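If you read the protein sequences in the order shown, they are chains X, R, Z and W. Terminal number for the first sequence in our numbering: 187, no gaps in between. Terminal number for the second sequence in our numbering: 225, no gaps in between. Terminal number for the third sequence in our numbering: 385, no gaps in between. Terminal number for the fourth sequence in our numbering: 496, no gaps in between.
Quick caveat, the hints were computed from the structure, so don't treat them as lab data. The structure presented is a predicted model; accordingly, all values stated were derived computationally and were not measured. One or more hints might be untrue.
[What the hints assert, rightly or not] With a cut-off of at most 27 Å between alpha-carbon atoms, the simulated BS3-like pairs for lysine-lysine come out as follows:
#	chain 1	residue 1	chain 2	residue 2
1	Z	Lys312	X	Lys70
2	X	Lys66	Z	Lys305
3	R	Lys203	X	Lys70
4	X	Lys9	X	Lys25
5	Z	Lys312	X	Lys66
6	X	Lys70	Z	Lys305
7	Z	Lys312	R	Lys77
8	R	Lys159	Z	Lys52
9	Z	Lys260	R	Lys116
10	Z	Lys260	Z	Lys305
11	X	Lys25	Z	Lys191
12	Z	Lys305	R	Lys159
13	Z	Lys222	R	Lys116
14	X	Lys98	R	Lys74
15	R	Lys58	R	Lys22
16	Z	Lys312	R	Lys182
17	R	Lys205	X	Lys98
18	X	Lys25	X	Lys70
19	R	Lys116	Z	Lys191
20	Z	Lys249	R	Lys58
21	R	Lys74	Z	Lys312
22	X	Lys175	X	Lys86
23	X	Lys70	Z	Lys307
24	R	Lys203	X	Lys143
25	Z	Lys307	X	Lys175
26	X	Lys81	R	Lys205
27	Z	Lys54	X	Lys66
28	X	Lys66	R	Lys203
29	X	Lys81	R	Lys203
30	W	Lys446	X	Lys126
31	X	Lys70	R	Lys182
32	R	Lys116	X	Lys66
33	Z	Lys222	R	Lys58
34	R	Lys205	X	Lys143
35	Z	Lys260	X	Lys175
36	R	Lys116	R	Lys58
37	R	Lys58	X	Lys70
[As the list claims (entries may be wrong)] A few chain W positions that, by computed beta-carbon distances, are all more than 10 Å from chain Z:
#	residue
38	Lys375
39	Asp389
40	Gly409
No residue lacks a Cβ here, since even glycine has one placed at the ideal position from N, Cα and C.
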Amino acid sequence: MIGTGVLKGMAVTARNFLGSYFEKDRLITVQYPEERETLPENYRNFPFLVYDNDPEAGLRCVACKICEKECPPQCIYIVKSDDKKPDYMGKPQFYPKIFDIDISVCMSCQICVEVCPFEAIKMDKVFELSRRERFDALLLRKDELAKSNTYYHGIHPLEAAEVDANLAAAAAAKKKPAPAPAVPKT
Amino acid sequence: MQSLDEIKARAEAAVPGAKIEIVPNPGPANQPSLLLDHEHAGAVALFLRDDPALKLDHCSNVTGVDWLDRKVSKKVKVKKVVDGAEKEVEESQEEFFPGYLEAVYHLFSMTLKHGPVVIRMRTADRAQGAQLPSLTPVWRSAEFQEREIFDLYGIKFDGHPDLRRILMWDEFEDFPMRKDYREPDDYEYEPTPHDEVLEKAKQHYTPRPQLDGAENLTAAQQ
Amino acid sequence: MSATGFHELEGAPPKAMNARIEGDLMEVSMGPQHPSTHGVFRMNVALDGEVVRKLKPVFGYLHRNHEKIGENTSYLGSMPYTDRLDYFCSMTNNWAYALSVEKLAGIEVPERAEYLRVILAELTRLQNHVSLLGFLLSDMGAWGTPLMYAFREREKILDLFESLSGSRMMCDYMRFGGCRVDAGPDWFARAQKIIDAFPRFLDEFEELIVSNEILIARTQNVGKLSAELAINAGITGPMLRASGVNYDLRKVDGYGIYPRFKFRIPLGDHGDCYDRLMLRALEMRESLGILNQAMKEIPAGPIMNPKVKVRAFKPPIGEAYGRIEGPKGELGFYLISDGGASPYRYRVRPPSFINLTVLEDLCLGHTVADVMVILGSVDIVMGEVDR
Amino acid sequence: MSDQIDEGLRSELQKRGVWVTSTQELYNWGRKNSIWPLQFGLACCAIEMIATAASRYDLARFGGEVFRPSPRQADLMIVAGTVTKKMAPQIVRLYNQMPDPKYVISMGACAISGGPFKQGYNVLKGIDRYIPVDVYIPGCPPRPEALLHAFMELQRKIDGQKLTGQDKASHLDREQPSEFPVPAFGAHDLEPPSNPNIFRPPAIERA
Chain X
2 MIGTGVLKGM
12 AVTARNFLGS
22 YFEKDRLITV
32 QYPEERETLP
42 ENYRNFPFLV
52 YDNDPEAGLR
62 CVACKICEKE
72 CPPQCIYIVK
82 SDDKKPDYMG
92 KPQFYPKIFD
102 IDISVCMSCQ
112 ICVEVCPFEA
122 IKMDKVFELS
132 RRERFDALLL
142 RKDELAKSNT
152 YYHGIHPLEA
162 AEVDANLAAA
172 AAAKKKPAPA
182 PAVPKT
Chain R
4 MQSLDEIKAR
14 AEAAVPGAKI
24 EIVPNPGPAN
34 QPSLLLDHEH
44 AGAVALFLRD
54 DPALKLDHCS
64 NVTGVDWLDR
74 KVSKKVKVKK
84 VVDGAEKEVE
94 ESQEEFFPGY
104 LEAVYHLFSM
114 TLKHGPVVIR
124 MRTADRAQGA
134 QLPSLTPVWR
144 SAEFQEREIF
154 DLYGIKFDGH
164 PDLRRILMWD
174 EFEDFPMRKD
184 YREPDDYEYE
194 PTPHDEVLEK
204 AKQHYTPRPQ
214 LDGAENLTAA
224 QQ
Chain Z
-1 MSATGFHELE
9 GAPPKAMNAR
19 IEGDLMEVSM
29 GPQHPSTHGV
39 FRMNVALDGE
49 VVRKLKPVFG
59 YLHRNHEKIG
69 ENTSYLGSMP
79 YTDRLDYFCS
89 MTNNWAYALS
99 VEKLAGIEVP
109 ERAEYLRVIL
119 AELTRLQNHV
129 SLLGFLLSDM
139 GAWGTPLMYA
149 FREREKILDL
159 FESLSGSRMM
169 CDYMRFGGCR
179 VDAGPDWFAR
189 AQKIIDAFPR
199 FLDEFEELIV
209 SNEILIARTQ
219 NVGKLSAELA
229 INAGITGPML
239 RASGVNYDLR
249 KVDGYGIYPR
259 FKFRIPLGDH
269 GDCYDRLMLR
279 ALEMRESLGI
289 LNQAMKEIPA
299 GPIMNPKVKV
309 RAFKPPIGEA
319 YGRIEGPKGE
329 LGFYLISDGG
339 ASPYRYRVRP
349 PSFINLTVLE
359 DLCLGHTVAD
369 VMVILGSVDI
379 VMGEVDR
Chain W
290 MSDQIDEGLR
300 SELQKRGVWV
310 TSTQELYNWG
320 RKNSIWPLQF
330 GLACCAIEMI
340 ATAASRYDLA
350 RFGGEVFRPS
360 PRQADLMIVA
370 GTVTKKMAPQ
380 IVRLYNQMPD
390 PKYVISMGAC
400 AISGGPFKQG
410 YNVLKGIDRY
420 IPVDVYIPGC
430 PPRPEALLHA
440 FMELQRKIDG
450 QKLTGQDKAS
460 HLDREQPSEF
470 PVPAFGAHDL
480 EPPSNPNIFR
490 PPAIERA
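Bound conformation, chain X alone (with noise of 0.2 Å):
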């Protein structure tokens, strides 16, 4: 009979109107901004640079440029420094003068985390970065960017872990002894 198809339907938009009510399935509307979702583990929005202890000596970066040269959208912008300073383990290493960031270009690819070989820079989660003007706001300098090894273990915990372990077990086979060359077989 015609008017049956349509019928359905309706019986359908009935069906999850009142089932609205009671399913939690149903009824998927976030508060926002009372109301939050936890992102999980492996949500990522900007990068941001790692640092231990103190903002400015404690980076891990050590301006090797592989983030600048590797970033597909080109968006970091490093320059070296003259002299070397020491770093979080004593070791005295070059270190970043200016190391920018153009958010508004970035593209969130963490392919910069992916390339770095000293775990310096990681994705950060903070996604409410409306501004009111782009040019200055929205170019991140190396003091908005530096943050806590805390904080990183505040937002990626298990990943932060897995990142303190390796560089804890570098650290350890560093202090070692050289282990002896091989002896080459004659």
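We have chain X already, so just place chains R, Z and W on it with the hints.
Just chains R, Z and W, lined up with the frame of chain X:
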């Protein structure tokens, strides 16, 4: 499916006068291709489409490639007469390969479910001679893709039903996918430049006479 | 009604009638800003009354130079750009690109990674088809409701993508020779729950649309595509199969590990909009079957081929064309390597662009209102059409 | 003016059931809670914009669910996605067709600066080269919550706009333009490549 040599031999037999070359592909993908001549390309394409053993009815991908002029220098041993005696002298020779534009077609068979057979055509040069026969009458799927090649590479397809720019606007004059294309200068604000972008952004930096040799200028004037 | 679609007015003087029929066509530009063109697509339509006599698609309003950028960036750097091609289906785009580079460089992929790829590709197919149905219905005038239901289900799958790859839409998940991050047991548990709940939604959605008289009137016998034209015009994906051509790359090429799964290929008989619509609903059921098999069988093991370097990846000289069955059709990547760090030629074979070749043929003789339905049933995404 | 009323007195009055307001406050309250966006999507970000309007994030809670397909009925243009040079004249035209007061949210990296595609020959490096932008949302694409955040930021901006005086809102100032010149398609680029009256980037010099 038949090997590419077989296809070549059969196509040359079916289309008298057709000159087909096999272009090898050294990579692990091992997808060599057939290079068709302009004059018989349409007939060969029809053969490939309609031959009952091939039935390459699905022209999947059509694209252009730009090959610039190249110079390859290599050392050649040349016999020369030096001081009356014939000697073998090593000389570096420069071999010049003129550039050309290329259209590549990837063919599959939906009926027999095999493929790919890759065919390509090359233009005489990258300027006036950038012309190829259109294969749109054989495969409709080439229609928009050949228009795209015309738009981005500037190859004119003879026999195409509607050859206009497709992606860029009609007033546009350049062929942006060519390797020697220079994009317009809009680098006023580049906070994170390096390499090429830095060079372009520098054009917009304010001149700094006190740093860029202004002292020398005044000294010379005095 | 006359052949031109005008009602014959009784008693009207025949001359005036002829003048109207033979009069100039009215040209209308639909788009690029139009609520139902699925992005910045434009059609120049010549109308005779309400009937379409000519239709020329105009492209390029989202031409963002994907291929040029691909030729200037490293092989790895192009991976996040592929996410933005067909922005509904970043996972399948990743896969097609990874597959082509793997062909180009001869890279093996570990088994667990292959399973992960299948699971994510089929989830992508689910969320693509479900949002397409929502958009199509909203184009037909079912404003809001079906789209809301579709997006409700889509959000659940996006949550899975987000918790695995870190981003809802731009996953950037696959790498040459594997996948970037491994999925843990709790991820699989969540995914299984969503897969188990999905048929209930599909049943409900089908109930909402299948027998709806308005939908049937709007879609059946509208935009018929014959099998011959479909093959010659390079149509692929659900649109081709709705015309009755059995050509699914998951079966034909058997790329990845698809030969291991049991699934059927739904085919249409009429090639009209209704077939295209229903075929997608049927495909979703088959995808659920593949997902259930893959979730059961997935082995433990590494997810990356250890031989592949992340940085300074340089494939040998040569060229390769790799393709997969994306949710919209055959998605191919054609790469030419000159041995350098970035491809010499980087070409995307966009299924929805080539599927538009026959748009004019489908629309001729139908009314303007049908154009939106036909365009919706083709399933286009401008990011892929214009690149 | 509301800022001339003593806050303490106001809350005291409110407790007694007397609600004191000013024309400006009432006007801005009405405007900020009924922002009708233009139904207009360009690329990837448009999908996140639809997701924002759909059931999960529900833009309707902010009074902005009425997406108008016609610019004549819209207050807000959400530039969601990459602006190509081929599309830019159309966007400026749409903006010109919107009635005052009108606002622009530049959603996502591409609309702000060209984003990851800024190296492309057909990509405009930011829509603010031709029309003024009120709120920028970085991200590629921004989460739906980020769009809601920008929406609230815009509401705050509207709330702070003055009806009279030197710094009154630009749509009330007859001196301020409400339409901007539409760029033309040139042989190599758009002409002009930017509107110097709007687009004034700071000079940043890099070695």
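Hint check results:
1. Z/Lys312 to X/Lys70: At roughly 16 Å apart (the allowed maximum being 27 Å), X/Lys70 and Z/Lys312 satisfy the hint.
2. X/Lys66 to Z/Lys305: 24 Å, holds
3. R/Lys203 to X/Lys70: 17 Å, holds
4. X/Lys9 to X/Lys25: Since the Cα atoms of X/Lys9 and X/Lys25 sit roughly 23 Å apart, the hinted pair holds (cutoff 27 Å).
5. Z/Lys312 to X/Lys66: Roughly 20 Å between the alpha carbons, so the hint for Z/Lys312 and X/Lys66 holds.
6. X/Lys70 to Z/Lys305: 23 Å, holds
7. Z/Lys312 to R/Lys77: 24 Å, holds
8. R/Lys159 to Z/Lys52: 25 Å, holds
9. Z/Lys260 to R/Lys116: 19 Å, holds
10. Z/Lys260 to Z/Lys305: Violated. Z/Lys260 to Z/Lys305 sits at ~32 Å, over the 27 Å cutoff.
11. X/Lys25 to Z/Lys191: 14 Å, holds
12. Z/Lys305 to R/Lys159: 44 Å, violated
13. Z/Lys222 to R/Lys116: Satisfied, since the Cα-Cα distance of roughly 24 Å is no more than 27 Å.
14. X/Lys98 to R/Lys74: Judged against 27 Å, a Cα distance of about 43 Å means the pair is violated.
15. R/Lys58 to R/Lys22: 21 Å, holds
16. Z/Lys312 to R/Lys182: 20 Å, holds
17. R/Lys205 to X/Lys98: 21 Å, holds
18. X/Lys25 to X/Lys70: The given pair, whose Cα atoms are some 47 Å apart, is violated under the 27 Å limit.
19. R/Lys116 to Z/Lys191: Cα-Cα ~37 Å, so violated.
20. Z/Lys249 to R/Lys58: Given that 27 Å is the threshold and the Cα spacing comes to 19 Å, the pair holds.
21. R/Lys74 to Z/Lys312: Given pair R/Lys74, Z/Lys312 holds - Cα atoms ~23 Å apart, limit 27 Å.
22. X/Lys175 to X/Lys86: Answer holds: X/Lys175 to X/Lys86 is near 19 Å, not above 27 Å.
23. X/Lys70 to Z/Lys307: Distance ~16 Å between X/Lys70 and Z/Lys307 Cα, so the pair holds.
24. R/Lys203 to X/Lys143: 25 Å, holds
25. Z/Lys307 to X/Lys175: 25 Å, holds
26. X/Lys81 to R/Lys205: Satisfied, since the Cα-Cα distance of roughly 20 Å is no more than 27 Å.
27. Z/Lys54 to X/Lys66: Given pair Z/Lys54, X/Lys66 is violated - Cα atoms ~49 Å apart, limit 27 Å.
28. X/Lys66 to R/Lys203: Answer holds: X/Lys66 to R/Lys203 is near 20 Å, not above 27 Å.
29. X/Lys81 to R/Lys203: Holds, at about 22 Å.
30. W/Lys446 to X/Lys126: 25 Å, holds
31. X/Lys70 to R/Lys182: Between X/Lys70 and R/Lys182 the Cα gap is close to 22 Å, so the pair holds against 27 Å.
32. R/Lys116 to X/Lys66: 49 Å, violated
33. Z/Lys222 to R/Lys58: 24 Å, holds
34. R/Lys205 to X/Lys143: 23 Å, holds
35. Z/Lys260 to X/Lys175: Roughly 53 Å between the alpha carbons, so the hint for Z/Lys260 and X/Lys175 is violated.
36. R/Lys116 to R/Lys58: Cα-Cα ~9 Å, so holds.
37. R/Lys58 to X/Lys70: 47 Å, violated
38. Lys375: 5 Å, violated
39. Asp389: The assertion about W/Asp389 holds, with a minimum of 20 Å to chain Z.
40. Gly409: At roughly 3 Å from the nearest Cβ of chain Z, W/Gly409 sits no farther out than 10 Å, so the non-interface label is violated.
Violated hints, in rising order: 10, 12, 14, 18, 19, 27, 32, 35, 37, 38, 40; the structure is consistent with all others.
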